[in-house]
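Input sequences plus hints: build the corresponding full structure.
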Amino acid sequence: MSPDIHAIIEQELKLIAPDIDLAAIDPKHDLREECDIDSMDFLSLVTALHRRLGVDVPERDYPKLITLDGATEYLRRKLAEL
Amino acid sequence: MSEFRMPSLGADMEAGTLVEWLAKPGAPLKRGDLIAVVETQKGAIEIEVFQEGILDRLLVDTGTTVPVGTPLAVIREIRAAGAIGAEAEAPPCERPPPTAPKRPRGEAPVVTPFAALPIAPATGRVTASPVARRLASLHGIDLSGIKGSGPTGAVLLIDVELALRSTEKAPAHPQAISSVAQMRSAIAAAMTRSKREIPHYYLSQTADVGAAEDWVRRCNTDRPPELRVLVGALFVKATALAVRRFPEFNGFFMERAFRPSDRVHIGVAIAIRGGGLVAPAVHDANTLSPDALMAAMRDLIGRVRAGRFRSSEIADPTITVSSLGERGVDTLFGVIYPPQVAILGFGRVVERPWIRDGAVVPRPVVTITLAADHRVSDGHRGALFLSEIERLLQEPGSL
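For the record, the sequence lines run as chains A and B. For what it's worth, my numbering labels the leading residue of the first sequence as 409, then goes sequentially. For what it's worth, my numbering labels the leading residue of the second sequence as 20, then goes sequentially.
Honestly, I wouldn't trust all of these hints.
To be verified - Chain A residues, not near chain B, derived (Cβ > 10 Å throughout):
1. Pro-411
2. Pro-435
3. Val-454
4. Gly-478
5. Arg-484
Claimed, not checked - Selected chain B positions facing chain A (in silico; Cβ < 8 Å):
6. Pro-243
7. Arg-292
8. Gly-293
9. Glu-345
Since the hints were made in silico from the structure, they are not lab data. Where a beta carbon is used, it is the ideal one built from N, C-alpha and C, also for glycine.
The structure is reproduced here in structure tokens:
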């Protein structure tokens with residue numbers, strides 16, 4: 409069974425930014441703006457997702473992960489390729 | 020015998036609350052060992068010890084607030100030691116396993132039964148077990164709002180855990196409002212002192228960081244995310260190397276005199292979610308490779324987020340770097356954190372038209388600012404210092 413990627417991203421986001429209201433995040437808007445996270449936080453998120461899902465996210469693909477929807481779609485596709 | 024005292028963790032600290040003992044009586048201590056956790060306006064801070072010896076006895080109970088300088092424990096020096104048992108013979112670099120009891124179980128006040136704890140109701144303090152107090156403190160929960168299930172209504176660990184669980188849904192950050200207010204007042208005290216006592220001057224320089232960004236990009240290409248470097252680590256490294264050549268920006272102004280530091284401990288300003296900021300130190304940043312520096316910064320930011328950093332990190336930065344990151348502004352005008360004498364600001368990296376080899380080209384640039392203490396240095400040297408940072412950023416391979 410494939411993991412619920414959306415839920416995993418949300419869990420990891422919550423660890424980085426415990427004060428965010430996940431329900432209020434616009435999934436089509438820039439995550440960094442939505443969650444007020446900086447480049448170090450974003451790198452922590454990518455690191456956590458890499459560890460958890462085993463998916464490599466090269467730096468040049470960062471723009472594809474900029475929204476919650478984009479990140480979910482990107483990781484789903486990468487997982488299917490594994 | 021020597022006394023271990025409540026340390027001063029910044030110019031603005033007058034008192035601290037002992038939250039937890041991390042070493043037990045009888046334990047061998049070496050320089051840098053963690054001995055206790057102290058709660059200050061900046062949060063819970065792990066305190067390192069600077070004496071070698073054996074922890075003889077504790078003088079202050081957990082939960083007690085005492086002024087800076089108050090003796091907290093007695094440490095027996097190892098050299099004075101005919102009377103010390105076999106445990107003192109262990110080489111200082113070998114740490115005993117934390118669980119190994121050094122004394123017969125009955126003697127060691129490791130897990131003091133709650134009822135035996137001396138608690139002074141006269142102070143109006145809520146009765147609570149040390150571990151419950153610590154958890155509540157870490158999460159900024161007010162103990163008086165928790166109904167205790169222990170003897171005489173004392174708050175136990177389970178009560179705090181239940182209280183935490185019930186607040187999980189709340190949108191507020193665990194850093195509760197009261198601790199945000201405390202941090203605001205700590206920042207206010209330090210910054211007021213800074214603006215009152217330090218004659219600041221400000222300089223600004225815009226630097227091309229294309230080479231630094233290219234270096235970072237190449238470096239990260241084949242690396243897993245946990246080993247990737249951010250350009251911010253290069254900013255810190257360039258500052259650390261440059262300040263070695265400009266010692267008048269690195270050190271403390273105390274008792275009407277500037278005392279330069281021969282080591283470079285860079286305070287990295289880190290915003291705390293929910294409000295406030297701290298600038299704990301990356302020690303000897305000039306000696307660290309960019310990779311090691313990046314790892315140290317990640318570790319520091321992670322521990323700040325978790326509310327745990329060490330006494331030396333808070334007390335001894337010799338200069339501060341503040342970088343507002345990619346979503347910040349172009350230019351940052353810093354306020355010096357006393358008793359330091361300089362703060363560097365790095366704006367966000369932006370693409371700007373730049374003249375290179377006689378042609379206008381788009382380049383990533385960053386505005387670097389310096390706020391420095393006019394009692395110690397002048398604009399001329401400040402300008403050279405900024406130029407040196409800019410120059411170093413053009414040769415990222417040598418950082």
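At 10 Å, judged by beta carbons, does Gly-478/A keep clear of chain B as stated?
Non-interface label stands for Gly-478/A: nearest chain B Cβ at 17 Å, farther than 10 Å.
A cut-off of 10 Å on Cβ-Cβ distance, and Pro-411/A was said to be off the interface with chain B. Does that hold?
It holds; Pro-411/A is separated from chain B by about 18 Å at its closest Cβ, greater than 10 Å.
With chain A as the partner, please determine if Gly-293/B meets the hint condition of a C-beta pair closer than 8 Å.
Nearest chain A Cβ about 6 Å off; hint holds.
Residue hint Glu-345/B, partner chain A, criterion CB-CB below 8 Å:
holds, 5 Å
Whether Val-454/A stays farther than 10 Å from all C-beta atoms of chain B, as the label says:
violated, 5 Å
Using Cβ atoms only, decide whether Pro-243/B comes closer than 8 Å to chain A, and label the hint accordingly.
Holds - the Cβ of Pro-243/B comes within 8 Å of chain A, reaching about 6 Å at its closest.
Is the nearest CB of chain B more than 10 Å from the CB of Pro-435/A?
Label holds. Min Cβ-Cβ 19 Å, cutoff 10 Å.
Chain A contact restraint on Arg-292/B - CB to CB distance below 8 Å:
holds, 5 Å
Would you say Arg-484/A is clear of chain B, with no C-beta pair closer than or equal to 10 Å?
holds, 18 Å
Checked against the numbered hints given earlier, the structure breaks only hint 3 and satisfies all the rest.
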